[in-house]
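Can you make the complete structure from the sequences, with help from the hints?
Residue-level listing of the chains:
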Amino acid sequence: MLRPEVAAPGAVKVASGDLRRQRRWALWSAYACLGLFCVFFLAPPIYAFVTSLKTSQEIAALDGNPWLVRDPTLANYAALLGSSTFLRFFWNSVKVAVIVVAVTMVIATLAAFSLARMRFFGSTVLATGVFLTYLIPETLLFIPLFQIFTWLRDLTGIEFINRWWILCIVYPTLTVPFCTWILIGYFSSIPKELDEAAIVDGASTLQLLLKVFLPVALPGLIAATIFAFTVSWAQFLYPLAFTTSIDQLVLPAGIVTNLIKGDVFNWGQIMAGALLTAAPPVLIYAFLMDYYIAGLTAGATKG
Amino acid sequence: MAQAAAIGGAFEERGASRGGGLARRRARIAFLLCLPLILLVLALVIYPAFYSLHLATLNKSMTRFVGLANFAFLFKRETFWMVVEQSVIFAVGAVVFKALIGFVLAHLVHRLPQRGQRAWRGMLLVPWVIPPAMSTLVWWWMYEPSYSALNWLLAGMGFAPVPWLGDPYWARFAVILVNVWYGAPFFMIMYLAALKSVPAELYESAEIDGANAWQKLIYVTLPMLRNIIAITVLFSLIVTFANFDIVRILTAGGPRDMTHVFATWAFKLGIESNDIPLGACVSLFMFPILGIAAVFILRDVHRRSRELAGVAA
Amino acid sequence: MTKWHLSRRRLLAGASSAALAGSVYGRARGAYGAGKLSVGFWDHWVPGANDTLTKLARQWAEKEKVDLTIDYIPSQGNKLLLTIAAEAQARSGHDILAMNTWLPGSHAERLEPVDDVMREVLAKNGPTNPVVEYLGKPDGHWRAVPATPGSQMKGPASRIDLLKEHAGIDILAMYPPDGPATPAAEQWTWDALLAAAEKCHKAGFPFGIGLGTTSDSVDTWGSLFHAFGARLVDEKGDIVVNSDATRAALEFAKKLAAFLPGDAIAWDDGSNNRWLISGKGALIFNPPSAWAVAKRDAPHVAEKVWHHPAPKGPKGRFGPYLPYYWAIWSFSPNKSAAKSLLAHLSTREAAEQLVAASQGYDIPGYLSFNDFKTWNEEGPPRGTLRHYPPTEDQILSIAAAPAPHKIAEQIYNQATITKMIARIVQGGDSIDKAIAWAESELEGFMRG
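Residue numbers (the working numbering), protein chains in the order written: chain A, 1 to 303; chain B, 1001 to 1313; chain C, 2001 to 2448.
Don't read these hints as lab results, they were simulated from the structure.
In this text, a Cβ means the ideal position worked out from N, Cα and C, and glycines have one as well.
Among the hints, a few may not be true.
Stated by the list, open to error - Pairs of lysine to aspartate or glutamate, DMTMM-like flavour, derived with a Cα cap of 25 Å:
| id | chain 1 | residue 1 | chain 2 | residue 2 |
| --- | --- | --- | --- | --- |
| 1 | C | K2295 | A | D71 |
| 2 | B | K1060 | C | D2234 |
| 3 | C | K2202 | A | D63 |
| 4 | A | K211 | A | D201 |
Unchecked claim - Pulled a few chain C residues facing chain B out of the computed Cβ check, cut under 10 Å:
| id | residue |
| --- | --- |
| 5 | L2081 |
| 6 | Q2089 |
| 7 | S2106 |
| 8 | G2208 |
| 9 | T2213 |
| 10 | Q2410 |
| 11 | R2423 |
| 12 | Q2426 |
Structure (structure tokens):
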């Protein structure tokens, strides 16, 4: 796609001033359009932030501009960060997310390696259809899953019900299919010559995976990791259904169940809680954005 | 290197040429590598799904087997057909807008100078990174009848306050809006990368042939992006169709059940009204609808990939 | 052979030492001889109210040497419902769970009958109100013990000033802060409410009565239906919605809805609270939670709020009551401990402490407990809760009664009553069409 500054300077000079003005106008209207969308996309988080700085009295008052704060206070954040309950939710979320990411990456990497390079009965179906598991929704699954955990509990004597690590077993069903799919796309874009060179050098399958694929596909791996983390962190229904006790809950289920009691809503704290819950994925994304986008999209566009 | 070609795989060819034994061993290793995935899906997705199928054939108190009676019962309810229609409107409407907006945004960002792209891309992807349950809470607060910040803005511009969640048609719009807000960045990011991978020569030769911007779009961009468009649309259709959080938090299906989608209505019937078999029934209806869509789209993608592979080989 | 003998001896030795250790353990620690008990209580929104309940439960646990685990489960987001559904399915989980309204009835077969506990409790406390008995005794047996935390009345909470100024109603004259209801209260009828609603609507302070599908709306309109004698399904399970009483109720509802906020149909349980707290509304139907939050966030509104009984209709004064219970699963391994705990929590002293901790929000189900001091003293304005607990001239109602429990539960949860009204008000259906729709819905609820 020829872009104004990429075209040779000579070409621009030769082109009439009209064309240049046209290009500039096109650029500015692009900025304007993007600006509008930015406003649309960023308005809710900004509003959440503004609300989180308000006292509940200010929130309850109808007068004035709701988009501005008159008496900003950090009380909502202080209340949450000082609350052992909230910190517990946070810590549980971290534990669950880390474990789920590890499990997901192992399963997805092995499967993607296999499906991208090798063939066995049904592998084609599995590769293209792996994300059809998303067709089966959580609301359908959680009751039978509860049965399975009870049965496991009776079998092994370990208490599965109402424990945070039950989520570590269930979340991978949501993360593995898409991660596998991303990685398949990424692995299949790795030139076969690399494989052949390694095999000629006497590499076993495992060494091929570890020494050739993983390093080359690193952006894809990072993208899949970030996806798995984001999905695990954001889960709502499964924690709501499977964990009951306050010390087992994760965010965001914890936010909704603890800050909304009966018909009493603590909006300031809810907004603060929402932002604090959103913070880890957003921060990770902010620092690793390039890897994330590169991996996510490169894997996809090869398909 | 199309995916389908990769699935064929250099290994298989070489394995075959060296004799069946090696190929079989390779196949076994391949299978073993896939085993965790297969087990995970079987145990935690397929088996519970079949169990739900079993549940759907029981009577309300789950003491008797009633076969397809629950399904027959559903077909006769007016609300059920409303839910089908609403789910389709929600899914198709939201996906169409997400894809369109994503496509437009991708083009706009693509035109920007390279330096600026990163910042814009970053800001525009924020909605997708925030946990949807949390952002829906914020939208809910923005829609709240007594305190709506959006209505405040509208009032400032001289409009009457909108019953965002109170009027059925506004409520449908509100729910779709939140879903589009959440999902459009995903499409943008996918299409942006796809745009970058379109070789410049194609556009150049089109220009030489005298194509204008619109024609370049139709004859160069769209065909090159066809696969990624198909895949993202399918993925998004599936996920949007099965959406629970947004409708549940914003409207819980109301007003007058006019924003119910399969997942929320299944929840209402199954859990809230304590009729788990009926709830399972409703949930299961999503599967055939999506399965058919998936089959069509994937067949198309597969055919294209095989074409490309054929050309490459 | 030798090996076998050795191992058998070792086994016996091991077993006896374990038994010895067990009794020594039991005696020395003096703890948990009576086993473990795990309870899921309702998470009270009043800050600190949970602590009183914890204290009472732990008192009992210390005395009885039970290893007690307490979870507080909120009802928002249906967390409580999900927990109950999952535990019922899996037949495992807590021993005791809080359940409200229809839940004891819908899980009756899986709950341990507590007739023995209730016999004791009723002997000491006197009878419960009829709603508590109706919902707690779904099949002739008490399936759950009435709980104080969470049980509430959903009568009106009005703005004294707005009613007086715009509707000409002096609510304090009817329900004074220092005494029982006066004869003027006889004027507080649904017709009077309708007239007041119109005037306040014209004045810009509409009544905030929700027409949504959550329990606040369903309870309110349910009591209206009862006040007109309209029933959807009778005790025998016959669909009787097509009656003149229903028509009268729907006519009335249509008139009243014209003066309610336009999006009332989408209101949830918190919307009416926010309506009152924001100062926009002159009246809502709600327990004192809205007023309590207003005390903190909008004191100038809170000090003008008065709680009082629902209006009177052609068939009587029906007040919406929503009871909570504590239920024991039949799969619980420690039923005797569970029953003992529940008996301990059902004493008058316990109830009094719980009511005080809830700042008067909780209303125990035993009629003799409706005279606690807390309600007279809470304020400002002082006396606002004096007329909150049920009085003798009120008939307590639960929407969808007297239908058989499994059917009534669905009527309630699927909000058939408010949906009928919504169809007329927003959907433009005629009253007959709405009744016909309700009939088809009710037929659907008859499924076994």
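Status of each hint after checking the structure:
A C-alpha spacing of about 19 Å is found between C/K2295 and A/D71, which places the hinted pair at or below 25 Å, so the restraint holds. For the proposed pair B/K1060 and C/D2234, the alpha carbon gap of about 21 Å is at most 25 Å, so the pair holds. Proximity of C/K2202 to A/D63 is assessed by CA-CA distance (about 21 Å); at most 25 Å being required, the pair is judged to hold. For the suggested pair A/K211 and A/D201, the alpha carbons sit about 12 Å apart, so the restraint of at most 25 Å is met.
Annotation: interface hint on C/L2081 holds; nearest CB of chain B at approximately 6 Å, less than 10 Å. Residue-level restraint check for C/Q2089 holds (minimum Cβ-Cβ distance to chain B is 7 Å; threshold 10 Å). Checking C/S2106 against chain B by beta carbon gives a least distance of about 5 Å; that is within 10 Å, so the hint holds. Interface hint at C/G2208: satisfied, since its Cβ lies 9 Å from the closest Cβ of chain B, which is below the 10 Å cut-off.
With 10 Å as the threshold, the beta carbon of C/T2213 comes within range of chain B, its nearest partner Cβ sitting at about 6 Å, so the hint holds. Taken as an interface hint, C/Q2410 checks out: its beta carbon lies about 5 Å from the nearest beta carbon of chain B, inside 10 Å. Taking 10 Å as the C-beta contact cut-off toward chain B, the hint placing C/R2423 at the interface holds, the least distance being around 7 Å. Taking 10 Å as the C-beta cut-off, the interface hint given for C/Q2426 holds, the closest approach to chain B being about 7 Å.
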